[in-house]
Structure formats: C-alpha cells, structure tokens
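*Asks:* Chain by chain, the residues run as shown.
There are 2 protein chains.
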Amino acid sequence: MSNPKDDKMTIPQEKITAWLEELMDFVRIPSISADPQHRNDMSKAAEWLISRLRKQGAVNIENDLFEGIPMVTADLPCVVPGAPVILIYGHYDVQPTGDPEEWLSAPFDPQIRGRNIFGRGMTDMKGQIMALFAALDLILAEGELNINFKFLFEGAEEWKGSLVEGFIRENKEKLACDLVLNVDAGMIMKDYPTITYGSRGMSAGYLRITGPGKDLHCGEYGGVILNPVHALCKAVAALHDEEGRVALPGFYENLTPPPPWESESMNSLPLDDDFFLRECKAPTLWGEPGYTSLERCWTRPILEVVDIQTGEMRPSISPTAEAFLIFRLVPGQSPEKIKKSLLKYLDECIPGAVNWELRDWGGFSASLSNPYSPAAAKMAGALEEIWKKPPVLARSGGSLPMARFIDEHLGVQTILTGFQLPEDNMHASNEKLDIDNWIKGIAALRLFFRSLSAEDFLYPENKE
Amino acid sequence: MSNPKDDKMTIPQEKITAWLEELMDFVRIPSISADPQHRNDMSKAAEWLISRLRKQGAVNIENDLFEGIPMVTADLPCVVPGAPVILIYGHYDVQPTGDPEEWLSAPFDPQIRGRNIFGRGMTDMKGQIMALFAALDLILAEGELNINFKFLFEGAEEWKGSLVEGFIRENKEKLACDLVLNVDAGMIMKDYPTITYGSRGMSAGYLRITGPGKDLHCGEYGGVILNPVHALCKAVAALHDEEGRVALPGFYENLTPPPPWESESMNSLPLDDDFFLRECKAPTLWGEPGYTSLERCWTRPILEVVDIQTGEMRPSISPTAEAFLIFRLVPGQSPEKIKKSLLKYLDECIPGAVNWELRDWGGFSASLSNPYSPAAAKMAGALEEIWKKPPVLARSGGSLPMARFIDEHLGVQTILTGFQLPEDNMHASNEKLDIDNWIKGIAALRLFFRSLSAEDFLYPENKE
Numbered sequence: 000m001s002n003p004k005d006d007k008m009t010i011p012q013e014k015i016t017a018w019l020e021e022l023m024d025f026v027r028i029p030s031i032s033a034d035p036q037h038r039n040d041m042s043k044a045a046e047w048l049i050s051r052l053r054k055q056g057a058v059n060i061e062n063d064l065f066e067g068i069p070m071v072t073a074d075l076p077c078v079v080p081g082a083p084v085i086l087i088y089g090h091y092d093v094q095p096t097g098d099p100e101e102w103l104s105a106p107f108d109p110q111i112r113g114r115n116i117f118g119r120g121m122t123d124m125k126g127q128i129m130a131l132f133a134a135l136d137l138i139l140a141e142g143e144l145n146i147n148f149k150f151l152f153e154g155a156e157e158w159k160g161s162l163v164e165g166f167i168r169e170n171k172e173k174l175a176c177d178l179v180l181n182v183d184a185g186m187i188m189k190d191y192p193t194i195t196y197g198s199r200g201m202s203a204g205y206l207r208i209t210g211p212g213k214d215l216h217c218g219e220y221g222g223v224i225l226n227p228v229h230a231l232c233k234a235v236a237a238l239h240d241e242e243g244r245v246a247l248p249g250f251y252e253n254l255t256p257p258p259p260w261e262s263e264s265m266n267s268l269p270l271d272d273d274f275f276l277r278e279c280k281a282p283t284l285w286g287e288p289g290y291t292s293l294e295r296c297w298t299r300p301i302l303e304v305v306d307i308q309t310g311e312m313r314p315s316i317s318p319t320a321e322a323f324l325i326f327r328l329v330p331g332q333s334p335e336k337i338k339k340s341l342l343k344y345l346d347e348c349i350p351g352a353v354n355w356e357l358r359d360w361g362g363f364s365a366s367l368s369n370p371y372s373p374a375a376a377k378m379a380g381a382l383e384e385i386w387k388k389p390p391v392l393a394r395s396g397g398s399l400p401m402a403r404f405i406d407e408h409l410g411v412q413t414i415l416t417g418f419q420l421p422e423d424n425m426h427a428s429n430e431k432l433d434i435d436n437w438i439k440g441i442a443a444l445r446l447f448f449r450s451l452s453a454e455d456f457l458y459p460e461n462k463e
Numbered sequence: 000m001s002n003p004k005d006d007k008m009t010i011p012q013e014k015i016t017a018w019l020e021e022l023m024d025f026v027r028i029p030s031i032s033a034d035p036q037h038r039n040d041m042s043k044a045a046e047w048l049i050s051r052l053r054k055q056g057a058v059n060i061e062n063d064l065f066e067g068i069p070m071v072t073a074d075l076p077c078v079v080p081g082a083p084v085i086l087i088y089g090h091y092d093v094q095p096t097g098d099p100e101e102w103l104s105a106p107f108d109p110q111i112r113g114r115n116i117f118g119r120g121m122t123d124m125k126g127q128i129m130a131l132f133a134a135l136d137l138i139l140a141e142g143e144l145n146i147n148f149k150f151l152f153e154g155a156e157e158w159k160g161s162l163v164e165g166f167i168r169e170n171k172e173k174l175a176c177d178l179v180l181n182v183d184a185g186m187i188m189k190d191y192p193t194i195t196y197g198s199r200g201m202s203a204g205y206l207r208i209t210g211p212g213k214d215l216h217c218g219e220y221g222g223v224i225l226n227p228v229h230a231l232c233k234a235v236a237a238l239h240d241e242e243g244r245v246a247l248p249g250f251y252e253n254l255t256p257p258p259p260w261e262s263e264s265m266n267s268l269p270l271d272d273d274f275f276l277r278e279c280k281a282p283t284l285w286g287e288p289g290y291t292s293l294e295r296c297w298t299r300p301i302l303e304v305v306d307i308q309t310g311e312m313r314p315s316i317s318p319t320a321e322a323f324l325i326f327r328l329v330p331g332q333s334p335e336k337i338k339k340s341l342l343k344y345l346d347e348c349i350p351g352a353v354n355w356e357l358r359d360w361g362g363f364s365a366s367l368s369n370p371y372s373p374a375a376a377k378m379a380g381a382l383e384e385i386w387k388k389p390p391v392l393a394r395s396g397g398s399l400p401m402a403r404f405i406d407e408h409l410g411v412q413t414i415l416t417g418f419q420l421p422e423d424n425m426h427a428s429n430e431k432l433d434i435d436n437w438i439k440g441i442a443a444l445r446l447f448f449r450s451l452s453a454e455d456f457l458y459p460e461n462k463e
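Keeping their order, the protein sequence lines are chains R and D. Read left to right, the first sequence gives residues 0 to 463 (numbering that gives the first Met the number 0). Read left to right, the second sequence gives residues 0 to 463 (numbering that gives the first Met the number 0).
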C-alpha cells in the first residue's frame with residue numbers, strides 16, 4: 000500500500016466538484032424529520048443514501064422502517080480475514096428551516112457563494128456524510144480495504160434523538176463492530192480540529208401545575224385561588240439560588256471532577272469569557288460561582304428552563320401552567336436520582352392549593368470516553384497531519400446520547416469528531432459548509448481510515 | 000298615563016316571539032371584533048342596529064367609523080320640554096367562538112333548546128340590547144315618552160375595551176346626558192337581580208426580560224448566562240409573599256375600605272367559600288389572609304399573571320421571556336403609582352445580567368358610584384317589583400372602565416345592571432340566554448323607564 004501521507008492533500012479538483020454536485024442533490028431533499036408533511040422526503044433521502052452506498056460498493060443494504068423512520072444499514076467488507084469493523088453513524092434528517100425571510104437563498108436550493116455552500120443540512124450533517132463517502136472513494140481507489148466498514152444512517156436525530164436507541168438495541172448483531180465513528184460533533188472553531196470525548200447527560204421534562212377546573216376570568220376570581228402561573232414561577236424560582244447555583248439538595252454531590260490534564264487543556268483554549276460573551280450577546284455572563292465559563296459549560300451540571308407557558312392567551316387564570324426543565328448532568332450524576340430529588344423538592348415547595356406532576360420525563364447519564372485510546376490517537380494523528388496542530392480534546396456542554404447508546408448496547412467506543420464550524424449556522428438560517436474546511440476533513444478521514452490497523456481496536460482500558 | 004304596574008308581566012307572547020326572531024337575526028351576524036376577518040360583519044351588525052333604531056322611531060342616527068370600528072349613535076326625543084336625557088350604552092361585538100367542537104350547535108346559528116336560546120353574543124350582549132329595544136317598544140306603545148333617550152352602540156368592547164374612551168371624549172356634546180344605563184353587568188346568580196355599583200381598576204401590561212442576542216443552544220451555553228426565563232420567574236415569584244399578599248411596597252396603603260353597610264350586605268349573599276370553590280374547581284381556595292373570598296374579589300387589590308411565554312418553543316435559551324401582569328385595583332389606589340412602585344421593585348430584584356422593560360402598560364382607577372342615588376333607587380324598585388326581592392348591590396371583581404369613562408368625560412352616573420346569568424357561558428362555548436329571565440328583564444326595564452321622572456336626575460351627592 001502506498002504511503003497516504005505523500006498525497007494527503009492532493010485531491011483532484013474534478014473529484015471535489017463531483018462530490019459537491021452529489022452533496023447538493025442530497026441537500027435538495029427536504030428531509031425534515033420533525034415535520035410529518037416531509038415523511039415522503041425522509042424516504043427519498045434514505046433512497047439517496049442507498050444509491051450512494053451501492054455506488055460505493057456496499058452490500059447487505061437494508062432500509063428498515065423503524066417507528067416510521069427509515070434506518071439505512073449496509074456493509075463494506077474488506078479482504079483481510081478477521082479484520083476489525085468500524086461502524087459509520089450518520090443522520091440524514093435536518094432541522095426545520097424557520098423563517099424563510101431570514102434565508103439569503105432558499106434552504107433546499109443549495110448555492111455556492113465564495114468558498115461556502117449554503118443549504119439546510121449542509122453542515123448538520125449531509126456535508127459530513129458526504130465527506131465520509133468521499134474519503135472512502137479515495138481509499139477504495141488507492142487499494143483494497145484492510146478494515147471492514149458498516150453503516151448506520153438514521154432519520155430522527157433532529158426530532159426524537161433517542162429513537163435510534165431502540166433500533167440499536169434490536170439490531171445488536173447486525174451492527175456489531177469494534178469502533179463507531181460519528182462525525183456529527185464539529186470543531187470548537189476554525190483551525191481547531193476537535194475530538195469530542197464527553198458530553199453532558201440529561202434529566203428533563205415538563206413540570207405541569209394545574210389549579211382551577213376551567214379558564215377563570217381573572218377579575219371575577221382573581222385573589223380567591225392560587226393561580227398556577229404564580230405557583231409555577233415560585234417553583235422555578237426556588238430551583239436556583241441568587242448566584243445561579245441549582246438549589247436541589249445533593250445536586251452537586253459525588254461529581255467526578257475533570258482530571259488535571261483536562262483543566263490545563265481547557266485553560267489553553269481560546270474559549271474564554273470574551274468568547275462566550277461575544278457568542279451569547281448577553282449584558283453580562285452569569286452562572287455558578289467559582290468556575291470559568293468553559294468549566295461551567297463542559298464540566299458542571301446545570302438546570303435550564305427552556306419553555307414556559309400557560310394554556311391560553313386570554314387574559315384569564317388558566318387551569319394549567321407548564322415549564323420544560325432540562326438538567327444537564329456531568330459524570331457522577333444519575334438522571335433517576337435527580338428526578339427523585341426534584342420530586343421531593345417540589346413536593347415541599349409547591350402549595351397544596353394546586354396539583355402538579357412531572358410529565359414526559361426522561362434522561363440519560365453523561366458520557367465520557369478515553370481520548371487516548373489507540374483508535375482516538377490515530378484520529379488525533381490524522382487531524383494533526385492535516386491541520387498541522389494537535390486536535391483540541393473537547394467535551395460538549397450539550398448531550399450526545401448516541402455515544403452512550405453505542406457503549407451500552409454495542410459495547411464499543413465512539414470517536415466523535417466532525418468539521419462543522421460555529422459560524423456554519425447549524426440549526427439556524429443560512430446554514431452552510433466551509434468548502435476548504437470540508438476538503439481538509441475529507442483528507443483527514445482518508446488518513447484516519449488508512450492508518451488504522453487491527454491493533455488499534457485492542458483497548459480494554461477504555462471499557463468501564 | 001296608565002299605571003304600568005298593573006300589567007307589568009303581561010307581555011303578549013306574540014311580541015316575545017317577534018323579539019326573539021329579531022334577536023336571532025342579530026346573533027346570526029358574526030361580529031367578532033378581535034378578528035380582522037370579521038370587519039365586514041362589524042358593519043353588518045351596525046347596519047342591523049341602525050335599522051332597528053329606525054323601526055323604534057329614533058332620529059339623528061349616525062354611524063361613525065372610529066379607528067375602523069362603527070360607532071352607532073341616535074336620539075329618541077320625548078314630548079316633555081327640558082326633560083332629562085338617558086344614554087343607553089351597549090356593545091354589539093362578540094367574543095371569538097373558540098373551539099367549534101365544544102359547541103352543541105353552531106355559534107352563529109341560534110337554536111332554542113328548552114327555555115334557553117343559544118348562540119355567541121346571546122347574553123353578552125345582543126340579548127341585553129334586544130331587551131332594551133323590547134322595553135322601549137312597550138313604553139312607546141303605552142303612551143308618549145317623558146324622558147329623552149340617546150343611544151351609543153360600540154363595537155370594540157370585546158377587543159380593545161378602552162377604544163370607546165376616545166370616541167366619548169371627542170363626542171361629548173352629541174352624547175351629553177343626565178344618566179347612562181349599561182345593562183352589560185349581569186346578575187350574581189339566578190333569582191338575584193343585581194345592581195353593580197363598583198368595579199376594580201387596573202394597572203397592566205407586559206414585563207419583558209431580554210438576555211442573549213439570539214436563541215442559544217441550552218447545552219452549548221447553558222450555565223454561562225442568565226436565562227431570561229429564570230430571571231422572569233424570580234421576578235414574578237417575588238411579587239407575592241408565601242401567603243398570597245402582593246409584595247410591592249405600599250401596595251395596600253391608603254385603600255378606601257368598604258362602608259359597614261357593604262360588608263354586612265356582602266356577608267348576606269350566597270357567594271360564600273363553597274360558591275367560589277364550586278365555580279373555580281381548584282383543590283382549595285387561596286389568597287390574601289384575613290378576608291373572605293368575596294371580600295378579596297370585590298374589595299381587595301390583586302395581581303394576577305395571566306400569560307407567560309418564551310420567544311420560541313425550541314429547547315433553547317430564548318432571548319426573551321414575557322409575562323402579562325394585571326393588577327386589579329380598588330378605590331384609593333392609583334394605576335400610575337402602582338406602575339412606579341413596580342418599576343422600583345423590579346429594578347431592585349432583577350439582576351443586571353438581563354435587561355427588562357414594561358411594555359404596553361396602561362390602566363385606570365377603580366370605579367364606585369352611589370347605589371342609593373334617586374335613579375339607582377328607581378332601578379332597584381323596578382327590579383324588586385319583578386323579582387319580589389330587593390336587588391343585590393354588587394361590586395365586580397373585574398373592571399368596567401366604561402362607568403369611569405362616562406363619569407370622567409360626561410360627568411354623569413352610570414347605572415350598571417343586566418340579566419346575564421353565571422350559567423349563561425359568557426365568553427365561553429354554548430353561550431346562551433335564559434328566556435324567562437330575559438322576559439323579566441324586559442319587564443323591569445319597562446318599569447324603570449316608566450318610573451323615571453325629572454327629579455331622579457338631581458343627585459349632586461353622587462358626584463366626586
């Protein structure tokens with residue numbers, strides 16, 4: 000086999016042009032999972048993937064409709080007997096487009112402007128999937144594969160993120176592998192290639208407070224019963240102290256603190272208070288005292304109330320008031336324990352003059368993997384080779400439950416990386432892909448695939 | 000002139016049938032003021048009134064488009080030189096219908112079922128307007144008028160209740176009168192004819208809190224800035240103490256307590272805690288300690304938060320969170336002072352990590368008139384004559400700003416009564432009119448009109 004480092008960035012322009020054409024075709028399919036009107040487009044996107052997998056030479060291509068969502072799986076076997084298996088995960092569904100007025104060009108009519116290519120799903124994550132196909136095109140053209148590939152493309156990530164868990168649980172044999180690669184995690188910023196080895200867990204759902212049996216005229220009955228909105232605001236207010244700490248008893252107990260290398264690494268990143276203030280555009284920063292902004296985001300647990308509403312918009316006392324609470328958890332915390340502690344706390348602080356319940360409550364623990372496993376080291380090497388600097392080892396303040404599902408049901412590590420940039424407007428209007436960054440990503444993935452050997456999958460120290 | 004008491008309830012059935020037919024025609028016009036799609040129906044309802052006024056023999060009928068809403072005015076002069084003028088106020092607009100599934104028959108296809116007649120606006124207040132026309136039909140048939148009538152029918156009461164104030168201010172001469180009759184106030188319950196002589200004032204609007212410059216992923220940025228929802232809940236929570244008192248400094252200062260006769264009268268009414276619990280269907284009653292439920296509703300000021308919302312339904316930290324606050328005020332309180340006190344209080348309790356403002360804030364003082372003025376006494380006599388018991392002298396926990404506008408701009412008393420029953424589903428689905436109660440109302444209005452004499456309008460003690 001030739002040394003891939005020799006030609007690591009010399010990808011012919013005609014190949015890039017062809018891949019971009021393919022990507023634009025993929026992005027033209029409005030596969031919005033959250034919108035039932037686009038169910039047919041979900042099937043079209045799955046068909047696009049099947050046809051691309053066929054072109055790649057994949058076999059055992061299957062399209063399982065799981066709870067109404069197509070789940071595409073396939074194999075790309077290698078010539079080496081007993082060679083390890085890497086499972087490539089991706090999601091082909093995209094976020095709704097929001098206000099069409101905010102888009103400079105139609106979300107599903109991809110446009111190249113300068114060195115960027117615009118469209119919904121361009122960076123999250125159809126462009127990332129296309130980078131994987133492109134890297135595979137390259138290594139298949141360079142010689143025979145020395146590892147086996149499997150594929151899992153799901154279509155509910157932007158809608159019901161945990162739906163895929165059931166599919167994985169029911170298809171353990173089909174998906175059995177030695178490593179999962181998920182390129183949905185992105186870079187912390189341009190020129191900072193990133194491996195994401197941890198993310199916060201979650202304990203989340205609605206707190207619903209109910210009072211009167213019907214909408215009440217707030218003049219005729221105001222002052223006579225406890226308004227559910229008042230009870231809800233008191234309960235939500237009681238969940239944080241004045242300085243921004245979560246007031247739930249025991250909330251900060253038994254947390255696994257980040258190891259010293261990680262604190263050191265975090266402090267060396269350009270993600271300082273100025274960065275957060277610039278990104279958030281809030282009057283000032285705010286949060287749990289005693290930690291930097293980045294520490295609060297990556298290593299401390301939080302509670303955010305992201306939706307609050309009454310039943311009606313009329314000027315009346317509504318029978319119900321609801322708030323959506325999201326606890327983001329860190330290693331050491333259990334979502335079940337948080338829920339139990341919350342139930343007890345609310346029971347003490349909500350008066351009996353209203354009823355209340357937690358509804359649609361669910362969660363999962365934080366996820367943390369070994370960023371120094373042999374396979375992760377190979378990825379780090381590939382990224383460093385292309386970007387000329389070692390990758391940032393990052394956690395995500397958000398939740399990437401896939402890594403946890405994979406670990407739990409398939410028993411293997413997930414390597415999380417990707418080439419999405421913060422300025423690529425993921426989930427927002429004018430989503431785009433930085434073409435040069437994407438080409439670097441293809442080159443890095445090619446290096447990673449070529450550099451892997453059977454020994455890289457022996458990492459018992461990674462297992463919990 | 001014959002003694003009207005002789006035939007006070009002997010209204011021929013054919014007249015009643017004809018009036019109900021007219022009323023059904025009126026109710027068939029979907030004059031929903033809040034819905035711009037029904038602008039044309041507003042004009043149709045105004046035309047219906049004009050044609051009815053013409054039938055009644057009214058003159059000077061005018062249809063002024065005031066801020067896009069037809070305001071119908073007219074005169075019905077009497078034969079007595081220098082006789083006093085009574086201005087009849089009514090609104091011809093109706094509430095939106097809400098969920099059509101909840102209606103047993105279509106809201107604008109009136110149906111008689113048993114002794115009730117169903118349709119949107121039937122009780123609030125097209126049926127009440129028809130009762131006025133019917134009473135006038137009767138007295139016109141009985142002989143010549145000895146007082147002058149004027150009419151003002153507006154079309155924005157259910158939408159922008161204070162819009163009519165501008166019209167009154169600009170048309171003082173046209174509307175000049177000695178007394179206003181407004182039959183939009185209803186009865187506290189069946190068999191309890193009611194004169195409403197007071198209502199709470201208001202200081203109300205939105206508290207808007209703004210934080211980040213855009214929607215923020217609550218995982219990526221949660222814990223780094225103050226979430227506007229948290230700040231809003233803390234602020235709303237801080238506005239009441241644990242027992243339900245409003246925590247605004249000075250809020251309960253200088254209140255004018257109800258006179259002893261009123262407390263006595265209130266305690267004799269069947270509006271006890273059981274009544275409120277039954278009406279509200281809440282787990283328990285709740286509110287400012289030391290007062291009965293009725294006292295809290297009629298004579299104590301309150302704050303109710305009737306709407307609370309974030310900007311987006313996405314699981315993100317929204318740039319804004321808003322709550323609609325309604326202070327209901329009692330005599331002695333000034334809406335401007337409440338607003339000032341609120342501004343100061345919020346300034347102290349909302350952290351500088353968010354911005355905030357009060358928007359669309361407005362208000363007016365409580366209104367209280369003399370329930371023992373000669374004209375009010377005549378109304379009480381007429382009601383007692385028909386129902387065989389003296390009317391309840393009630394305040395409303397709600398706000399009836401019309402009485403205040405009339406007092407302020409026309410300088411006369413408003414007599415507030417009406418024949419709406421709590422079970423008539425005002426503002427709700429299956430709104431109806433109790434036909435027998437309505438016939439009693441017509442009879443009482445006829446007695447009232449007939450019993451008035453010039454001396455009844457000399458009541459200087461009523462003026463503030």
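Treat each hint with caution, since some may be false.
Identical chains share a label here; the pair holds if one copy fits it or two copies do between them.
To be verified - Below, a list of computed lysine-lysine pairs in the DSS-like style, where the Cα atoms sit at most 30 Å apart: (1) K387 with K43; (2) K343 with K280; (3) K213 with K189; (4) K439 with K189.
Derived by calculation from the structure, the hints in this document are not laboratory data.
*Asks:* Taking the hints in turn, state whether each one holds.
*Replies:* Cross-check of the supplied hints:
no.	hint	in the structure
1	K387 with K43	neither (39 Å within a copy, 77 Å between copies)
2	K343 with K280	between (36 Å within a copy, 26 Å between copies)
3	K213 with K189	between (54 Å within a copy, 21 Å between copies)
4	K439 with K189	within (12 Å within a copy, 80 Å between copies)
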